[in-house]
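Just so you know, the protein sequences line up as chains P and L, in that order.
Just so we're aligned, residue 1 is where the first sequence starts under our numbering, counting upward by one.
Just so we're aligned, residue 1001 is where the second sequence starts under our numbering, counting upward by one.
Please keep in mind that the hints were generated in silico from the structure rather than gathered at the bench.
Each residue gets a CB set at the ideal place from its N, CA and C atoms; glycine is no exception.
Possibly wrong hints are sitting among the right ones.
As the list claims (entries may be wrong) - Within a straight-line C-alpha distance of at most 20 Å, the following computed SDA-like cross-link-like pairs (lysine to any residue) qualify:
(1) Lys56(P) to Ala1117(L)
(2) Lys56(P) to Lys1045(L)
(3) Lys5(P) to Arg1039(L)
(4) Lys56(P) to Glu1084(L)
(5) Lys54(P) to Phe1194(L)
(6) Lys54(P) to Met148(P)
(7) Lys56(P) to Asn1195(L)
(8) Lys5(P) to Ile1044(L)
(9) Lys65(P) to Ala1082(L)
(10) Lys1045(L) to Ala1117(L)
(11) Lys54(P) to Ser71(P)
(12) Lys56(P) to Glu1196(L)
(13) Lys1018(L) to Ala1117(L)
(14) Lys56(P) to Lys150(P)
Claimed, not checked - Ranges of calculated distance between the beta carbons of each label pair, as one might list FRET restraints:
(15) Gly1247(L) to Tyr123(P): 45 to 51 Å
(16) Gly1081(L) to Gly118(P): 30 to 36 Å
(17) Ala1124(L) to Ile19(P): 36 to 42 Å
(18) Tyr123(P) to Leu1255(L): 45 to 51 Å
(19) Ser1231(L) to Ser4(P): 26 to 32 Å
(20) Gly1081(L) to Ala151(P): 31 to 37 Å
(21) Phe1210(L) to Glu77(P): 52 to 58 Å
(22) Gly153(P) to Leu1255(L): 36 to 42 Å
(23) Ala105(P) to Phe1257(L): 20 to 26 Å
(24) Ile143(P) to Leu1255(L): 34 to 40 Å
(25) Gly153(P) to Gly1247(L): 55 to 61 Å
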Amino acid sequence: MQHSKTQDTLVGLFVAIGIAALFYMALQISNLGSYSNSDSFTVSARFQNSGGLKVKSPVSVAGVKVGRVSSITLDKESHEAIVEMQIDARYDNLPDDSSASIYTAGLLGEQYISLDPGASDDYLKNKSKIDITSSAIVLEEMIGKFMMNKAEGK
Amino acid sequence: MLELLEQLGKTTRGSFAKLGRATFFLMHTLTGVREILPRPSLLIKQMYSIGVLSFLIIAISGLFVGMVLGLQGYYILSDFGAEESLGLMVAASLVRELGPVVSALLFAGRAGSALTAEIGLMKATEQLSGMEMMAVDPINRIITPRFLAGLISMPLLAAIFSSVGVMGGHMVGVGMLGVDDGAFWAQMQNGIDFNEDIINGVIKSVVFGFVVSWIALFEGYDTIPTSEGVSRATTRTVVNSAFSILGLDFILTALMFGDI
Chain P
1 MQHSKTQDTL VGLFVAIGIA ALFYMALQIS NLGSYSNSDS FTVSARFQNS
51 GGLKVKSPVS VAGVKVGRVS SITLDKESHE AIVEMQIDAR YDNLPDDSSA
101 SIYTAGLLGE QYISLDPGAS DDYLKNKSKI DITSSAIVLE EMIGKFMMNK
151 AEGK
Chain L
1001 MLELLEQLGK TTRGSFAKLG RATFFLMHTL TGVREILPRP SLLIKQMYSI
1051 GVLSFLIIAI SGLFVGMVLG LQGYYILSDF GAEESLGLMV AASLVRELGP
1101 VVSALLFAGR AGSALTAEIG LMKATEQLSG MEMMAVDPIN RIITPRFLAG
1151 LISMPLLAAI FSSVGVMGGH MVGVGMLGVD DGAFWAQMQN GIDFNEDIIN
1201 GVIKSVVFGF VVSWIALFEG YDTIPTSEGV SRATTRTVVN SAFSILGLDF
1251 ILTALMFGDI
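Chain P on its own, in the form it takes in the complex (with noise of 0.2 Å):
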C-alpha cells in the first residue's frame, strides 16, 4: 500500500482534464462564451409586430451575423415593439439610414433581424434609432389574407 507518485500525477491530470472539459463546455458549448461582447454598441428599431423574435436572435447584414437581439419591450403609448440590438463595434460603418426587417431563416426556422445598408454618409452610432423597418411576417395572417382575398375573388 506505498504511496506513489505516479499515481499523483495521473489523478492530478485526471482531475485536470475534468475540469477543462466543464470549461469546455462552458464556453465553447453554451452560450456563455458568446457573452463577452465588450465592444459592442445598442441600436433600437420600432416594429409593428415583432412576430416570434426573442432576446439573443441574430442580427445579421447581407447575411452576416453583426450581433444579437438584447431586450424587447412595449410601448406603451404608441403599442409597437421596441427592439434593441447590440452591434459588434467592427461594424461601425453601417448607414443611419438602413433599414431593418424580421425574417424567418426557412420556412419553420428561427427569426432574425436583417439590416439593409441604406446610402447615408453618416453611420449608426450607439443609442441611434433605426426609423426603415419592416415587421414579421405572420404566417396565419398572410393565409387569413390569401383565403379572404380568394373568398371575395369569386
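Add chain L to chain P, keeping to what the hints say.
Coordinates of chain L only, in the frame set by chain P:
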C-alpha cells in the same frame, strides 16, 4: 394461501430492513468524511482506481456516441434542409441526457462492479472484521474514500464524455459530411444555455455518482460472505444502478426541463 401471504410479508420486511441498513450505512459513510479530509492520500488512491482507470472507456465511448449522433442526425436533419442544426442536436442530446446517463451506466459497469467485488471479498476474507478488531472503523477507513472518489469522479467523467462527444460529432459532421463549421458552433451556442443545460447536466451526473457509489459500496458491504454471495452482489450492483440511473434520470428531467 397463508404461506403465500407469509412469503410476501417476509419479502417486504426484508426489503425495508435492507433500505434501513443502507440508510444507516450512508450516514456512517458521510460521518467518515471528517476523518478522510486530513488524509487525502486515501482519496487519491481511490480516485486513481475509480476515476483514472475509467477515463479511457468513457472517452472512447463518448467519441463514438458523438460520431454516431453526427451521422444519424445528419441523415434526419438533411431531409428538412436543417443540417446546420446538427451542432445543436449533438450538443443538446449529449449535454442534457447522453453524457450523464451513458457515462453513469458505464461507470456502474466499470467502477461500481469492481467496488462491490472488492468490498465483498474483503468481507468474505474477514478483513473488515479484522480492522474492527484493531479498533479501526472499516466504514470510515475503507468505504468513505471510495464513496467520495466516486462522487467526485462522476461529474468529471460525464463532462469528459460530453466534450469528447461534441468533438466526435464535429469530426463527422464538419469533417466528413461537410456541414458548415461556423453554423455548427453558432447554432450550438445559440441553443445551449449555460444555466439550463450545462449546470443541469452536471447536477444529474453528481446525483448519479452519489447513487451508483452508494449502491455499489452497500451491496459489497451487505453481501453474504461467500463466493456466490459476492457474485450475486456484483450482479445486483449493476442491475440496481442501471434501474436507479434511468429512473432518476426521468424524474430529474421532468423536474428540470418539463413544466411539471
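Tested hints:
Taking the CA atoms of Lys56(P) and Ala1117(L), the gap is about 51 Å. The hint is violated against a cut of 20 Å. For the hint pairing Lys56(P) with Lys1045(L), the CA-to-CA distance comes to about 46 Å; that exceeds 20 Å, so the pair is violated. With a C-alpha separation of about 16 Å, the suggested pair Lys5(P) and Arg1039(L) falls inside the 20 Å cut-off, and the hint holds. The straight-line distance between the Cα atoms of Lys56(P) and Glu1084(L) is roughly 18 Å, inside the 20 Å bound, and the hint therefore holds.
Between Lys54(P) and Phe1194(L), the direct Cα distance comes to roughly 17 Å. Compliance with the 20 Å bound is thereby established for this hinted pair. Distance hint between Lys54(P) and Met148(P) is unfulfilled; the C-alpha atoms sit about 30 Å from each other, more than 20 Å. Distance restraint check for Lys56(P) and Asn1195(L): the Cα-Cα separation of roughly 15 Å lies within the 20 Å cut-off, and the hinted pair is therefore satisfied. Of the pairs offered as hints, the one joining Lys5(P) and Ile1044(L) holds, with about 11 Å between alpha carbons and a cut-off of 20 Å not exceeded.
Simply put, Lys65(P) and Ala1082(L) have alpha-carbon atoms about 18 Å apart, close enough for the 20 Å limit, and the pair holds. Restraint check for Lys1045(L) and Ala1117(L): satisfied, since their Cα atoms lie roughly 17 Å apart, inside the 20 Å limit. The hinted pair formed by Lys54(P) and Ser71(P) meets the criterion: a straight-line CA distance of about 8 Å does not exceed 20 Å. For the hint linking Lys56(P) to Glu1196(L), the alpha-carbon distance of about 15 Å falls within 20 Å, and the restraint holds.
About 19 Å separates the Cα atoms of Lys1018(L) and Ala1117(L), which keeps this hinted pair within 20 Å; it holds. A distance of roughly 38 Å separates the Cα atoms of Lys56(P) and Lys150(P); the hinted pair therefore is violated under the 20 Å criterion. Look at Gly1247(L) against Tyr123(P): about 59 Å separates their beta carbons, and that is not inside 45 to 51 Å. Remark: the range hint 30 to 36 Å for Gly1081(L) to Gly118(P) is upheld by a beta-carbon distance near 32 Å.
Look at Ala1124(L) against Ile19(P): about 38 Å separates their beta carbons, and that is inside 36 to 42 Å. A hinted range of 45 to 51 Å for the beta carbons of Tyr123(P) and Leu1255(L) is consistent with their spacing of about 49 Å. A hinted range of 26 to 32 Å holds for the C-beta pair Ser1231(L) and Ser4(P), which are about 31 Å apart. Roughly 33 Å separates the CB atoms of Gly1081(L) and Ala151(P), a value that falls within the hinted 31 to 37 Å.
Hint check: Phe1210(L) to Glu77(P), Cβ distance near 55 Å, so the stated range 52 to 58 Å holds. Under the hint 36 to 42 Å, the C-beta atoms of Gly153(P) and Leu1255(L), about 54 Å apart, miss the expected range. Ala105(P) and Phe1257(L) have their C-beta atoms about 24 Å apart, which keeps the hinted 20 to 26 Å range intact. The given range of 34 to 40 Å is respected by Ile143(P) and Leu1255(L), whose C-beta atoms sit roughly 39 Å from each other.
Range check, Gly153(P) to Gly1247(L): Cβ separation about 60 Å, and the 55 to 61 Å hint holds.
Hint compliance for this structure: hints 1, 2, 6, 14, 15, 22 are not met, and every other hint is.
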